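Please build the complex by placing chain B on the supplied structure of chain A, with the hints as guidance.
Protein chains in written order, with this note's numbering: chain A, 1 to 270; chain B, 271 to 618.
Check each hint, because a few of them may be wrong.
When the alpha-carbon atoms are kept at most 35 Å apart in a straight line, the in silico DSBU-like pairs for lysine-lysine are as follows [to be verified]:
no., chain 1, residue 1, chain 2, residue 2
1, B, K558, A, K160
2, B, K394, A, K264
3, A, K159, B, K394
4, A, K264, B, K379
5, B, K379, A, K160
6, A, K160, B, K449
7, A, K264, B, K439
8, A, K160, B, K376
9, A, K160, B, K289
10, B, K449, B, K613
11, B, K394, A, K97
12, B, K289, A, K159
13, A, K160, B, K439
14, A, K159, B, K376
15, A, K159, B, K439
16, A, K160, A, K42
17, B, K498, B, K530
18, B, K475, B, K613
19, B, K425, A, K159
20, A, K160, B, K498
21, B, K530, B, K560
22, A, K263, B, K394
Because the hints were derived from the structure by calculation, they are not lab data.
None of the values given here were measured: they were computed from a predicted structure.
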Amino acid sequence: MTARTRKRLYQTVGACFTAAAFLSVYTPIAVILALSVNDSLKAYAWEGFTLRWYADLFATDVMHDPIMNTLLVAILATLIATVLGTFFAIGIHALDKTRRTRMMVLNNVPVVNPEIVTGISLLIVFSLLGFTLGFHTVLIAHVFFGVPYVVLSVMPRLKKLDPNLYEAALDLGCTRFSAVLRAIVPNVATGILAGALMAFTMSIDDFVITYFTSGSEYMNVSTWLYAAIGRSRSFTPAAYAYNAIIFLFTIAAIIFINSRKEKKEREVRR
Amino acid sequence: MAKTLITLSGIEKSFDGVKVLSDFNLSIDENEFITLLGPSGCGKTTCLRIIGGFETPDAGTVAIDGRIVNDLEPNQRQINTCFQRYALFPHLDVFENVAFGLRIRKVEKAEIVRRVEETLRLVKLEGYGPRAVSTLSGGQQQRVAIARAIVNRPKVLLLDEPLGALDLKLRQEMQYELKEMQRTLGITFVYVTHDQEEALTMSDKIVVMNQGRILQVGTPEDVYNEPKNRFVANFIGESNIFEGVMREDYLVSFCGREFKCVDRGFAADEPVDVVIRPEDFDFVPPSKAKIVGVVDSLVFRGVHYEINVIVEGREYTIHTTKTRSIGDRVGLAVDPSLIHVMKRDVHA
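Chain A extracted, bound-state conformation (with noise of 0.2 Å):
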């Protein structure tokens, strides 16, 4: 085999690979989009163009209770788990590099902990606890997986910042509080961002802990889903264009930040 022909062989198996790859990934979300604007109850048939799902979506009765406690939960254990996260990880960050390190373990372990486990584990809490299953122990899960992703998120800023900016703020006339709300929050600003949007994200994303820590009563939207497809008469396509919806949202975000990110490096470049 001539260089030549060894190098197209590898260029075509190459090619075939990274076409898989992306098959693999978006041919489900390419069939959810096209599902999500047919107009069919049934998901073998192509019946036409409609967008009467995404209308249906906002209509009073299908999925309108298990959105809105979706969004909820999202939004209230994003505040309060971006809060506790950065002050945690601005505390972490002040001790002495060995129990640093140990703080971080102990924090990365959710992160790497199967969802079934902490799941499972927080129902056995909650029920020991004599917590009545619904909205406010899903608050309280969700608040505790989306903490180890602030502190996670907002460590490395911490790790650039000028050593000595807290002690200056406290030489400046700062009490300790206002110190670290004057000199450090700001220049931590965008890892917070970073932190919440992964905690809102994971919190949107959740099935399986919710599952777990909801009783039979709440549902946000994946336990939802899945009880709907459960008992299949009640199941509608709005779902489809939910998924539709979060996803476009999501691209949006993606291209966004990396747009950001380009304009910036060109302008430190410049």
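Positioned in the frame of chain A, the structure of chain B alone reads:
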């Protein structure tokens, strides 16, 4: 007699069981430019941080204006600090960085504008207010850091190696400016550095430190001309240090010869260290000299030549404006008043 402003008495401080400061006593006068000088790790920064309130001493007291401040937070002390890497707030522009302390103290808005602009003028950064700090050069950032501290009109300004990151030319310029500022503002400057030249140039008083102890306190002339021991002599300026014996008052013996000197008060035949600065040697004709050697190396250093002369196997360093050639036989003489005798260093 100047008024004492800061008194450190019996300060002890350890980190993880390692003693950083032990039995540290120092008093700092009002309007004084005092420099803590020593090699890295000698405890000078820790001492500064204790004065600023960022570290608490394990034992001993810190008094400012006669009041013990051990339990006061940094924000309750009338002291401001210039940090080593400036620690400017990256999210604020130059004006807001300087205004930071005034805003915290809730000074009136018009007054803030007036004082910030006046201070920016003082550090020669007029018109830089709206600039982002990241766009400034190292020297300019340094000035912002100073402005941010002095705008609050502190009694004491602590400076932790503030010129360490600047290049030589800029550093020399800033040395004069800092000294000038200290004179005009009438603020006590406590300055930390490991650069002996910087210390000699700017200070009213130098505190030479090593391993958490004060070795000598004195004016720049004192510590240069009358170093108390081998370490100080070596650390400040270059030195030829000889082991010798004090025969009697005004007579010292070293290198197998006896020399007249101006020191007295030692026991008879007490072992001593003898310091002769490289610039204090004179060349004389070998026939008339007590010390005769051969030029071993010669380096041109701009203002002077640095010449190494080997005398009986021992190297002497000499700074002189006269030149000699390598291999020349030379005689060396030194004036009795320039021979400095010190007690033998117990630590060395």
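Tell me if the straight-line CA distance from K160 of chain A to K439 of chain B falls inside 35 Å.
This hinted pair holds, its Cα atoms lying about 29 Å apart.
Given the hint that K160 of chain A pairs with K498 of chain B, does the C-alpha gap stay at or below 35 Å?
Not satisfied, since the Cα-Cα distance of roughly 44 Å exceeds 35 Å.
Is the straight-line distance between the alpha-carbon of K159 of chain A and that of K376 of chain B 35 Å or less?
With a Cα-Cα distance of about 31 Å, the restraint between K159 of chain A and K376 of chain B holds, given a limit of 35 Å.
With the threshold set at 35 Å, check whether the alpha-carbon distance from K530 of chain B to K560 of chain B stays at or below it.
Holds, at about 12 Å.
Holds or violated: are the alpha carbons of K379 of chain B and K160 of chain A at most 35 Å from each other?
OK: K379 of chain B and K160 of chain A at ~33 Å, within 35 Å.
Sort out whether K394 of chain B lies within 35 Å of K263 of chain A, counting only the CA atoms.
Between K263 of chain A and K394 of chain B the Cα gap is close to 34 Å, so the pair holds against 35 Å.
Check whether the Cα positions of K498 of chain B and K530 of chain B lie no farther apart than 35 Å.
Satisfied, since the Cα-Cα distance of roughly 20 Å is no more than 35 Å.
Given the hinted pair K394 of chain B and K264 of chain A, is their alpha-carbon gap at most 35 Å?
holds (31 Å)
Check the hint pairing K394 of chain B with K97 of chain A against an upper bound of 35 Å on the C-alpha distance.
Between K394 of chain B and K97 of chain A the Cα gap is close to 40 Å, so the pair fails against 35 Å, i.e. violated.
Are K159 of chain A and K394 of chain B close enough, with their CA atoms no more than 35 Å apart?
Answer holds: K159 of chain A to K394 of chain B is near 32 Å, not above 35 Å.
Under the criterion that the straight-line Cα-Cα distance not exceed 35 Å, is the pair K160 of chain A, K289 of chain B satisfied?
holds (30 Å)
Assess, step by step, whether the Cα of K558 of chain B is no farther than 35 Å from the Cα of K160 of chain A, and give holds or violated.
Between K558 of chain B and K160 of chain A the Cα gap is close to 66 Å, so the pair fails against 35 Å, i.e. violated.
Checked against the numbered hints listed earlier, the structure breaks hints 1, 11, 16 and 20; every other hint is satisfied.
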